[in-house]
Amino acid sequence: MDVTVIAESTDDGLHPVTAQLVAAASALGASPTVLCPGGRGASEAAAIEGVGRVVSVIGDCFESFDGGAWAAALGAAAGQGVILAAATPKGREIAARLASRRSIPVIQDVTDLAPGIEITRPIYSGKAIETSSCAGDCVITLRPNAFEPAGDGGSAEVSTVNHSADVAVAIQEAFEKASERLDVAEADIIISGGRGLGNIDNFTHLEAIADQIGAAVGASRAVVDEWGLPHSMQVGQTGKTVVPQLYIAVGISGAIQHLAGMRSSKYIVAINKDPDAPIFSVADYGIVATWEDALPVLTTELAKLQ
Amino acid sequence: MARPERVPEMVDIAVLLKQVPDTNAKITVSGDRVDENAVNKWSMSPYDEFALEAALQITQATGGSLKVISCGPARVTKMLTDAAAVGADTLTHIMVDDLTSLDTTQVQTLLAAAVERSGAGIVFCGKQAADTNSGSTGPGVAEILGSGCVTLVSEVSIEGDACSALRPTSGGEERVLVDAPCVIAFDKTRTDLRRPNVRGIMMAKKKQIEVLTAADLGVGIEVGKVVVNAHAPPAEKPAGQKFEGAESVPEVVTMLRKEAKVL
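Top to bottom, those sequences are chains A and B. Per the numbering used here, the very first residue in the first sequence carries number 789; after that it's consecutive. Per the numbering used here, the very first residue in the second sequence carries number 498; after that it's consecutive.
Bear in mind the hints are in silico, worked out from the structure with no lab data behind them. Since this is a predicted model, take the numbers as computed values, not measurements. Where is the CB? At the ideal position from N, CA and C, for every residue including glycine. Hints are supplied without guarantee of correctness; some may be wrong.
What the hints assert, rightly or not - Which bits of chain A does chain B cover? Going by a derived footprint, with three or more residues having C-beta under 8 Å, they are: (1) 830-842; (2) 887-898; (3) 944-951; (4) 1028-1042.
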């Protein structure tokens, strides 16, 4: 089966999720062709184990992001068969466009793939799991961190093609992010707070711990809505779905819509004074204590690890 | 000399809405399918609410028409009436008894056909629906209509024949301009959602809903290419360990480091 992987790039290279896409393609029995939009990360992609070949797709349209233009240019370079991309904002948009261009289905945010193709994805934000199959060509996006990455040691050939397309989305003005804090969608460790913290000022305690261990700070919907925290911090069904290595929930009771956004985290620690809080049902390590008591001890213990 | 005041032209907007189980609703699987009859509350998908609110502000300011379009079974009527209660001008219901039997391309083709029929040059929708969380509809419909699309938008304004939209980037945010016809897919916006008043609710009850079939839209629906094999509840996590009191924190940190190896 022919599989094309759309590489996910960052500002200066290849996003690590690309190696996960390659591993998923290998699991389908393919030596995928990896398309690098704008040529970014092409040499890194060539070094991923299992890659058949790498194609740098070069064109003016890759100077800024327009999903329509990118899909047109990448679609011209992609062969028939299955196309894999990352279930990131850009990856999802390109995938939807590519599928629509070819009148083939797109299945987004997939967490497992098997030959056939058998597709597993969470629906209702993980409140149920759907398995489906697609016999023909399709476009599939994979949830970051749901697949083990392929190793390095590959030495695929890199070629370059020139494809561009009309850009419909023009950048007027760019704004830098106010804080340098990690995004919850990207972080390996997240420490999140909820109503149990009492008020917004107490988030400074979470920020201090986040700085200590290089974590991102998240929040429940209740405190985003009520205390006016940025929506970008919100973890849950109407916020971000996160899959970090470690998720520390502080003063979060665990509403069904919050659990939906974080239950797939590899390890979950919950700190809550209410022993019956639903968050404990998904916690690997539950600590029944007030945050006022627990966080100072946590800070001291984490300091010992540095 | 006084500068001539610019009169905004009437801007018509089509808003795509999806009805989903309320995000607080329990999802139960019986047999090997999610049991839709067990869902106690169906709601407008949360991001679609922000799209609707943004469209209401623009159409009401410019005197344009807000055309709501939804695809789904009979229960969708309730959501369409809710949209009318806050100010939607026309309601179109593409009747599909089982939305899960259609694949993405089919749903997008139906929606795009209804948008074309509405005559609106600007389409608003949510960035993703709260059931599948896919985010395919906005860009997919844009592709069929041959229009530009901006996703994850938190703010929008009309500039002549174009939309100016704020979207996130890896380093912050950027404001982009996209000419109509275009599709704007909304994230949560910074404005509060309006709630219907009594008059709105009364008027909405009398509002006509245009019900269309795929055939009415000239769309042939074949068997979907994706076959759903089963739904299952999420795998139960093995029960975790529970500790009493802050004095257990050192033990947990040690386990996170030595057993879980995540610190």
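How the hints compare with the structure:
For the region 830-842 of chain A, the stated coverage by chain B is violated: 0 residues have a C-beta nearer than 8 Å to a C-beta of that chain, whereas at least 3 were required. Given a C-beta distance limit of less than 8 Å, the hint that chain B covers the region 887-898 of chain A holds, as 10 residues qualify and 3 suffice. Only residues whose beta carbon comes within less than 8 Å of a beta carbon in chain B count, and the region 944-951 of chain A has 0; fewer than three means the coverage is violated. Beta-carbon proximity to chain B at under 8 Å applies to 3 residues in the region 1028-1042 of chain A; the threshold of 3 is reached and the given coverage holds.
Consistency note: the structure conflicts with the earlier hints numbered 1, 3.
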